Amino acid sequence: AQKITQTQPGMFVQEKEAVTLDCTYDTSDPSYGLFWYKQPSSGEMIFLIYQGSYDQQNATEGRYSLNFQKARKSANLVISASQLGDSAMYFCAMREGTSGTYKYIFGTGTRLKVLA
Amino acid sequence: NAGVMQNPRHLVRRRGQEARLRCSPMKGHSHVYWYRQLPEEGLKFMVYLQKENIIDESGMPKERFSAEFPKEGPSILRIQQVVRGDSAAYFCASSVVGGGTDTQYFGPGTRLTVL
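The listed protein sequences correspond, in order, to chains A and B. Residue numbers for the first sequence, in the numbering used here: 1 to 116. Residue numbers for the second sequence, in the numbering used here: 1 to 115.
Some hints here could point you the wrong way.
Below are the DSS-like pairs computed for lysine-lysine, each with C-alpha atoms no more than 27 Å apart in a straight line [unchecked claim]:
| hint | chain 1 | residue 1 | chain 2 | residue 2 |
| --- | --- | --- | --- | --- |
| 1 | B | 44 | A | 113 |
| 2 | A | 70 | B | 51 |
| 3 | A | 70 | A | 103 |
| 4 | B | 44 | B | 71 |
| 5 | B | 62 | A | 103 |
| 6 | B | 27 | B | 44 |
| 7 | A | 103 | B | 27 |
| 8 | B | 44 | A | 73 |
| 9 | A | 73 | A | 113 |
| 10 | A | 113 | A | 16 |
| 11 | B | 62 | B | 51 |
| 12 | A | 3 | A | 113 |
| 13 | A | 103 | A | 3 |
| 14 | B | 51 | A | 103 |
| 15 | B | 44 | B | 62 |
| 16 | B | 27 | B | 62 |
| 17 | A | 3 | B | 71 |
| 18 | A | 73 | A | 103 |
| 19 | B | 27 | B | 51 |
| 20 | A | 3 | B | 44 |
| 21 | A | 103 | B | 71 |
| 22 | A | 103 | A | 16 |
| 23 | A | 73 | A | 3 |
| 24 | A | 103 | B | 44 |
| 25 | B | 71 | B | 51 |
Quick partial rundown of chain A residues pointing at chain B, CB under 7 Å, derived from the structure [to be verified]:
| hint | residue |
| --- | --- |
| 26 | 11 |
| 27 | 12 |
| 28 | 43 |
| 29 | 44 |
| 30 | 47 |
| 31 | 50 |
| 32 | 54 |
| 33 | 56 |
| 34 | 100 |
| 35 | 108 |
| 36 | 109 |
In case anyone wonders, no lab produced these hints; they're calculated from the structure. Predicted, not measured: the structure shown is a model, and the values here were computed from it. Ideal placement from N, C-alpha and C gives every residue a C-beta, glycine not left out.
With the rest of the complex left out, here is chain A (with noise of 0.2 Å):
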């Protein structure tokens, strides 16, 4: 079974309009990280933003939110105004384990075009 799955291999946007990108993940961990980057045509990974399993507070920074429903283990990144500067392919990924022993499982992206 996937431990990390998006299932939108590709969004569209308008620019200014809020777009969800979806994520589900799989542990029987108590305690665990979710994460989400960017990564734009230039390659390079961009960490977003962090969640974890013992937040009581969906995680946000600045037009980034996190949607943290730990009952159906979604981890949706919320992006609000979209500019057009946001295309790029977004990766969920989720921690595991242990502090020194930590495994890290990504999901195969959604790439994310914003329209003028």
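Using the hints provided, position chain B relative to the given structure of chain A.
This is chain B only, laid out in the frame that chain A set:
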């Protein structure tokens, strides 16, 4: 504070040659991860290292691939006798363990092309 550094950014090798990829973690980070990304795919974990210690190499091919993170100097991913299928982007990430979120920060990657 400099980020994770990787060099070279682009590497071209002929089949059968060796490829050496270097990664300098962020200052204060003692843990390094290597990933491989094939075109249009996600990142695949290869190896997780601490200084002078391999913690997890379950994602490394058994042959031709090796990694080290010496006490001094960068982490090195070595691929011997490269084949065309080794062509990919190789990313290094570093983290500080016990630093809260233990977030991984990535380098810019090395794009390996095997002719």
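Comparing the hints with the structure gives:
| no. | hint | in the structure |
| --- | --- | --- |
| 1 | 44/B <-> 113/A | 24 Å, holds |
| 2 | 70/A <-> 51/B | 35 Å, violated |
| 3 | 70/A <-> 103/A | 20 Å, holds |
| 4 | 44/B <-> 71/B | 26 Å, holds |
| 5 | 62/B <-> 103/A | 19 Å, holds |
| 6 | 27/B <-> 44/B | 25 Å, holds |
| 7 | 103/A <-> 27/B | 22 Å, holds |
| 8 | 44/B <-> 73/A | 22 Å, holds |
| 9 | 73/A <-> 113/A | 26 Å, holds |
| 10 | 113/A <-> 16/A | 12 Å, holds |
| 11 | 62/B <-> 51/B | 21 Å, holds |
| 12 | 3/A <-> 113/A | 26 Å, holds |
| 13 | 103/A <-> 3/A | 12 Å, holds |
| 14 | 51/B <-> 103/A | 17 Å, holds |
| 15 | 44/B <-> 62/B | 15 Å, holds |
| 16 | 27/B <-> 62/B | 31 Å, violated |
| 17 | 3/A <-> 71/B | 34 Å, violated |
| 18 | 73/A <-> 103/A | 18 Å, holds |
| 19 | 27/B <-> 51/B | 13 Å, holds |
| 20 | 3/A <-> 44/B | 13 Å, holds |
| 21 | 103/A <-> 71/B | 23 Å, holds |
| 22 | 103/A <-> 16/A | 36 Å, violated |
| 23 | 73/A <-> 3/A | 11 Å, holds |
| 24 | 103/A <-> 44/B | 11 Å, holds |
| 25 | 71/B <-> 51/B | 6 Å, holds |
| 26 | 11 | 15 Å, violated |
| 27 | 12 | 18 Å, violated |
| 28 | 43 | 6 Å, holds |
| 29 | 44 | 5 Å, holds |
| 30 | 47 | 6 Å, holds |
| 31 | 50 | 5 Å, holds |
| 32 | 54 | 12 Å, violated |
| 33 | 56 | 15 Å, violated |
| 34 | 100 | 5 Å, holds |
| 35 | 108 | 5 Å, holds |
| 36 | 109 | 5 Å, holds |
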